[in-house]
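Colleague: Fit chain B to the known structure of chain A by using the hints.
Residues per chain are reported as follows:
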Amino acid sequence: MKEMVTEIIAEVLRVEPQKIAPSLSIGDIPEWTSMAQMGLISALEARLGIEIPIEDLFDLTNVQALIDEVEKLKAGA
Amino acid sequence: MIGHSPILQKVWEYAASRPDKVALVWSDESVSYSQLKNRILAAAAALQSKGLNANDCLGIVAKKGLDFVYIYFGAQLIGVVNVVLDPEANEKRLEYIRSLTNPKMVIDSLEMVEGTTPNPICGLSQNDTADIVFTTGTTGVAKGVCLSHFNIFSSADNINGFIGNGPEEIEILGLPLCHSFGLGRLRCMLLKGATLVVLPSFANVKAFFAAIEKYHATGFGMVPAIWAYIRKFSGTRIAKYAPQIKYIEIGSAAMPIESKKELCELFPTTRICHHYGLTEASRAAFMEYHACVNDLRTIGKEVSGKVSIRIFNENGSEVQDGESGEICIKGNMVMKGYFNPEENVTAYFGEYFRTGDEGCRATDGNLYLLSRKKELINVGGKKVSPIEVEDAIIAQGVEDCVVVGVPDPDGILGEVPKAYILKGGTSLSFEEIKARIIGMLEPYKVPVAWEWIDTIPKTASGKKQRLQLKK
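Which chain is which? The protein sequence lines are A and B, in order.
Residue numbers for the first sequence follow our numbering, so the first one is 24 and each next one is one higher.
Residue numbers for the second sequence follow our numbering, so the first one is 2 and each next one is one higher.
So here's chain B without its partners, still in its complex pose:
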């Protein structure tokens, strides 16, 4: 019944070998591995009682809490495909995802009866789709990424292998569960038989530190914007815990070099592991700050021997070391494919997935990321498609505009959106446009800077050249 899911196989194994070992903690409630197994079974039974069958899609709103974990794995147990939804997603995006995947239902909680078990399901395979996670998409159209049970296991296995954490770890999870990073940490820890203490978020830094103390935490994951936030609101107080913190995983965005250096000073014996990857190719490369202290700009090398990264030119030929080209990835964690088969047509060079990122490899094997995926705006790890924001602005009757990412003046979020509005193309003021689009977009997508522009740079074919305006 669990042959299709290597992660569930391990959870079942821990439920048998260490039934009382704490798997999860939420709001002072501890759940052991045996309890976790039973609640996953009960969730699976509840989903079946609601008519869900293998290969049906289930919209699961990733509200922080243990219900999500039970539903998420309960669905996987019976071959139901999780369509993981961001609780902050706007209605337009949700409707788009619903229209594509047609989930049998969309839930954020589930009534379960303890002690119940699902009817066994036969014929499930590790290659079956476990999750569909929607990206932002450079064209503004979100792409559904199909990850198999084997993909998500492989990713967690790769990550655990690089970080080197063990079953004795106690990790604090403040990351959201609707994105690849947080969801990946959950899988990593359960795969290892370790303990995960789930917090609502990192917003309350004092509570985060209190959790590190209370639970004797040995690791956590964070995005660079959270580090900037922690730094702003607590100075260097976190250094007090450095001796007990064995590892930190960082990702979703670039970390300023000076911040990397400071983290090395504050955490002299901690493995500080920064990943590079995409939803389509999770955590493909890693670097460790102390090991790369003389070369902190690198994104490192392949996470494991089961992953290969090559740099190809636009014709799909591999370039020489030192030459730049598109970063392309092959490996056990690379997605099955996009949900929309048309999107797969240009997504690969042979067996290698094309990331759309420009990079190069040095002769020592270290990789470098030269520019992010086209014009995506990276707001503290959350990706914003400029086209979505532009569409919202133009929907207000503005003739034309272009949105780009500019450095966050506060130095915390990395990038923030800036809108250039075509002069003469509207009678509205910037404040009026902003007030009108606030309800249409998630808060982090709303431009924080505005400027009139005489002409919008475009190619001969009319494509907006946003990168020309990035400062």
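Just chain A, with the same shape it has in the complex:
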């Protein structure tokens, strides 16, 4: 799951997957803009068949948080 999420993030942000470290946060790289963040959420939902609760969005500010969220939602599905 970690690899899949990382791949999606790299694709949306249009950066190499090697750049996507777990600690990478919104705004750390110029590509991770607010528009990119919205695209990221949409892409994760569409590609992984999940729906991220609105109340969770606030804390999804770095790669690890996104991975954890996806794993949580997949486990609960």
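I should point out that these hints are in silico values taken from the structure, not numbers from a laboratory.
There could be a bad hint or two in this list.
[As the list claims (entries may be wrong)] Calculated pairs, DSS-like style, for lysine-lysine (alpha carbon to alpha carbon, straight line, at most 30 Å):
#1 A:LYS95 / B:LYS233
#2 A:LYS25 / B:LYS233
#3 B:LYS215 / B:LYS247
#4 A:LYS42 / B:LYS93
#5 A:LYS42 / B:LYS64
[To be verified] Now the in silico label distances, taken between C-beta atoms and shown as ranges:
#6 B:ARG298 / A:ILE77: 27 to 35 Å
#7 B:PRO121 / A:GLU78: 54 to 62 Å
#8 A:ASP51 / B:GLY4: 37 to 45 Å
Just so you know, these numbers come straight off a predicted model, no measurement behind them.
Even for Gly, the Cβ is constructed at its ideal location relative to N, Cα and C.
Modeller: Here is chain B on its own, set in the frame of chain A:
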């Protein structure tokens, strides 16, 4: 040496009277007014050592960070003209701007030696050009707007007067510095001797809130798309900070009425000031949400007594209250003129700058904006010329097309571009066209909706009638 720049005069004054007062914060680094003055001097010296002289153009890429501030004001100190460049601008636009202004150099950083000062420059005037800022332009050709030192000071002075903020303010700046809004906030705060905490952007809402808490922020500026983003990603958590937020400045696009009402509820004691203006005539009108709660559609009235707004018909005659016409502006912050003198020929009715916006004034003096500048597409505050996008599409061998703004289905960006492709005019699919133009345009300019069209509506003279397709 600083008589030509009222803003620098104030920075120098604060450097003397309150040397340790924090002017700027970036990534946990605080810069006092005395440090700011010294770094502006050092930047000016560094620019001079690279051969820049008064009236030379300097391309300055507005990367977020304090280097931009030092270079920007350092250039102004020695009469060098800033050509402010968007870090996201595509190569075609950059080349166009470079070819017009012929900057001596284009930089986003500068090696400076602390403690150095420039050679004094004489003969500079407040009417000299401080900045050239390029607009999008309704014809698809970007126009260079020449703003004098007096213009940029006057704009900041007008804004501060309306908002009513003081030197005790601590503002969070998440806006980009390459556009009039963010750059204006920078000038406003330094003019007041206040403190500006600079963030990379608003993208990390959690970090934005953390900054409000950490620095005890009292204000910020945002575009409506950022409010929609903050709302989506944090709900109404921001209301927690309402008691400490004295002011919010909003602009660059219209805010939905329901959002205005909600902001009034979330920030009951905050001055929520929404401006109307253009790069050519910065923040010409303002309205405050609480004061206009019964008339939230208005764009308000003139920002100060030094600005006059009139509505003219196509012949340049003023219309009566209630009648619509072109919004035209005269004032201390209206540009010196366009960089290309030919563009000035039809830009004015007498002393009044023609905005190209349709509006009217009610009998109580409140102004209303009826339609945005012709067919410009407003994507979350960023203006997109349909002609630029159409040219990119047609460059792929598509016979003809027309691009218009349509409401963002997600309700965040206001408008998004939609392309109508002439049926039978290409063998490419929409996906193929999109893939080919992605490298030619900034991401926000790429159409998100596509449709075939049998015929493109045009006038008798062949001009595309885009407004007929706007939904």
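Colleague: Each hint: holds or not?
Modeller: We went through each hint and held it up to the structure:
no., hint, result
1, A:LYS95 / B:LYS233, "21 Å, holds"
2, A:LYS25 / B:LYS233, "25 Å, holds"
3, B:LYS215 / B:LYS247, "16 Å, holds"
4, A:LYS42 / B:LYS93, "28 Å, holds"
5, A:LYS42 / B:LYS64, "21 Å, holds"
6, B:ARG298 / A:ILE77: 27 to 35 Å, "29 Å, holds"
7, B:PRO121 / A:GLU78: 54 to 62 Å, "59 Å, holds"
8, A:ASP51 / B:GLY4: 37 to 45 Å, "43 Å, holds"
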